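Here the protein sequences line up with chains A and B, keeping their order.
Going by the numbering used here, the residue at position 177 of the first sequence is 177; the numbering climbs one at a time, nothing skipped.
Going by the numbering used here, the residue at position 181 of the second sequence is 181; the numbering climbs one at a time, nothing skipped.
Keep in mind that the hints were calculated from the coordinates and are not lab data.
In this text the structure is predicted, and so the values were computed from the model without any measurement.
Be aware that one or more of the hints could be misleading.
With a straight-line cut-off of 25 Å between C-alpha atoms, the simulated SDA-like cross-links for lysine to any residue are [what the hints assert, rightly or not]:
#1 A:Lys-244 / B:Leu-111
#2 B:Lys-14 / B:Glu-205
#3 A:Lys-3 / B:Val-116
#4 B:Lys-32 / A:Lys-244
#5 B:Lys-14 / A:Glu-261
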Amino acid sequence: MLKTRLIACIIAKNRLVVQSYGFSRYLPIGNVKIAVEFFVRWDVDEIIMLDIDATREGRSPDLDLVEWAATECFVPLTVGGGIRSLDDINNLLKAGADKICINSIVADQPEFVFRAAEAFGSQCITVSVDAVEDNGAYSVYDYRARWRMPWRPAQWAMKQEEMGAGEILLNSVNRDGSRVGYDINLLKMVSANLSIPVIACGGVGRVAHLSEGALTGGCQAVAAANLFQHTEHSTIAAKSHMLKSGVHVRLSSEVKYEDFEFDRMGRPL
Amino acid sequence: MNIAIIDYGMGNTKSIKNAFVHIGESDVCITKSPEKIRRANALILPGVGAFRDAMINLGEYDLVSVLTDEVCGNKKPFLGICLGMQLLFDESEEGGQFPGLGWIKGRVERLPVNDVFRVPHVGWNDLIVKKDNRILAGLGHDRNFYFVHSYHAVCASDYVLGTFSYGAEFTAAVCKDNILGVQFHPEKSHVNGLLVLKNFLAFAEERQIC
Numbered sequence: 001m002l003k004t005r006l007i008a009c010i011i012a013k014n015r016l017v018v019q020s021y022g023f024s025r026y027l028p029i030g031n032v033k034i035a036v037e038f039f040v041r042w043d044v045d046e047i048i049m050l051d052i053d054a055t056r057e058g059r060s061p062d063l064d065l066v067e068w069a070a071t072e073c074f075v076p077l078t079v080g081g082g083i084r085s086l087d088d089i090n091n092l093l094k095a096g097a098d099k100i101c102i103n104s105i106v107a108d109q110p111e112f113v114f115r116a117a118e119a120f121g122s123q124c125i126t127v128s129v130d131a132v133e134d135n136g137a138y139s140v141y142d143y144r145a146r147w148r149m150p151w152r153p154a155q156w157a158m159k160q161e162e163m164g165a166g167e168i169l170l171n172s173v174n175r176d177g178s179r180v181g182y183d184i185n186l187l188k189m190v191s192a193n194l195s196i197p198v199i200a201c202g203g204v205g206r207v208a209h210l211s212e213g214a215l216t217g218g219c220q221a222v223a224a225a226n227l228f229q230h231t232e233h234s235t236i237a238a239k240s241h242m243l244k245s246g247v248h249v250r251l252s253s254e255v256k257y258e259d260f261e262f263d264r265m266g267r268p269l
Numbered sequence: 001m002n003i004a005i006i007d008y009g010m011g012n013t014k015s016i017k018n019a020f021v022h023i024g025e026s027d028v029c030i031t032k033s034p035e036k037i038r039r040a041n042a043l044i045l046p047g048v049g050a051f052r053d054a055m056i057n058l059g060e061y062d063l064v065s066v067l068t069d070e071v072c073g074n075k076k077p078f079l080g081i082c083l084g085m086q087l088l089f090d091e092s093e094e095g096g097q098f099p100g101l102g103w104i105k106g107r108v109e110r111l112p113v114n115d116v117f118r119v120p121h122v123g124w125n126d127l128i129v130k131k132d133n134r135i136l137a138g139l140g141h142d143r144n145f146y147f148v149h150s151y152h153a154v155c156a157s158d159y160v161l162g163t164f165s166y167g168a169e170f171t172a173a174v175c176k177d178n179i180l181g182v183q184f185h186p187e188k189s190h191v192n193g194l195l196v197l198k199n200f201l202a203f204a205e206e207r208q209i210c
């Protein structure tokens with residue numbers, strides 16, 4: 001059967017991996033290629049690498065970085081940040097990306113998703129949807145101008161599916177770096193309305209949150225960035241918890257999952 | 001041993017090369033040159049995209065006859081990946097009945113669509129080994145491989161090495177003499193995928209068949 005995917009997000013700023021808080025504070029922690037190697041050495045199912053400054057700085061994607069990071073990545077690699085044209089997508093795929101992730105361009109050129117899916121196939125187009133919550137009301141967030149767009153996340157995501165997006169990366173701005181868990185209401189709201197996969201992102205502080213995202217949030221893939229930067233919260237501990245919670249995950253033959261015990265709060269002992 | 005990955009404009013040739021280099025085979029070229037194809041000890045046909053475009057591209061680069069000579073004539077070890085496996089068959093209904101290479105008797109059909117089993121089939125799924133064979137040998141308890149496709153190959157069970165389950169069972173790997181095909185992406189299937197590529201290298205070295 002098809003497994004729930006555990007995805008490691010590598011947030012890159014100036015070629016360094018950073019930890020992100022509320023889309024506004026960033027702490028640098030190491031280099032991108034080492035991060036990729038660690039994740040692949042463990043048992044991650046996919047890697048998403050996002051260059052968060054590219055669009056703001058008007059830069060196109062750093063192809064050298066992707067080519068470098070891709071040499072040791074033997075799981076699907078999604079690359080995002082600074083994509084403004086079909087040429088950018090073509091170059092990224094040639095450099096080693098399997099899928100690309102777009103965000104700002106979708107707001108600027110609504111038909112871009114359609115053109116990209118036509119040219120490269122829906123399976124390599126992931127659309128990133130940033131959602132912000134205010135008093136129980138959700139809107140899509142434009143991180144460049146820092147304003148709420150007049151769209152609800154579910155409606156926006158449905159529109160992208162119609163245009164040909166292959167999957168949606170759903171980020172909660174409020175939960176980013178908070179470590180209190182995914183916004184389950186947001187996840188349910190969006191995943192219930194789509195037939196393409198939804199990847200949950202934003203807020204994971206314990207491995208138990210990942211299981212929640214799959215079982216209660218209804219997502220086909222669960223992602224975290226900050227969490228995996230601490231060795232004690234490796235993807236191995238994560239899958240061990242997901243397995244114990246009843247989520248169907250891929251368990252690598254080369255990894256021992258039985259060694260992990262979890263406390264009441266779902267923290268590895 | 002020299003491996004040639006066929007460059008016909010469709011397929012993640014670089015990822016496949018990276019995988020071979022990682023498992024210790026660095027004599028790998030990405031090429032559309034007939035001389036390099038003839039000189040290679042083994043051939044890889046990648047494929048991402050549509051069947052029709054793939055066959056048109058192979059025609060435009062004049063690759064069909066040299067590949068047929070080397071694979072069917074000279075029995076050169078060959079591995080088709082994803083779309084590269086689907087091209088092995090007589091025809092595909094993708095884009096409306098388009099002929100393939102016809103090296104293995106069979107056809108390519110759309111995966112059945114329904115609410116539960118959505119198309120494309122994307123993600124990690126278990127491989128069910130149907131008969132003992134060299135290419136799928138040595139797998140541990142984890143049998144997951146990464147799949148991303150909307151079409152599947154239908155052929156005689158004699159050729160089927162392995163299947164996957166997605167509502168029903170569908171072909172995941174085929175073999176006919178020196179010709180191998182896998183529906184999943186070994187270069188993206190972590191340790192299992194790298195093992196399949198290692199097995200293919202051993203197969204090519206000995207030129208032994210399943």
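Point to revise | Distance restraint between Lys-3 (chain A) and Val-116 (chain B), which requires alpha-carbon spacing of 25 Å or less | key: Within the cut-off at roughly 14 Å; holds.
Practice item. Given the hint that Lys-14 (chain B) pairs with Glu-261 (chain A), test it: the Cα-Cα distance must not exceed 25 Å. Key: Roughly 40 Å between the alpha carbons, so the hint for Lys-14 (chain B) and Glu-261 (chain A) is violated.
**Study point:** Satisfaction of hint between Leu-111 (chain B) and Lys-244 (chain A), Cα-Cα up to 25 Å
**Key:** violated, 32 Å
Check your understanding: If you draw a straight line from the CA of Lys-32 (chain B) to the CA of Lys-244 (chain A), is it 25 Å or shorter?
Key -> Violated, because 49 Å separates the two Cα atoms, which is more than 25 Å.
Check your understanding: Is the straight-line distance between the alpha-carbon of Lys-14 (chain B) and that of Glu-205 (chain B) 25 Å or less?
Key -> Roughly 22 Å separates the two Cα atoms, so the pair holds.
Against the hints set out earlier in the document, violations occur for numbers 1, 4, 5.
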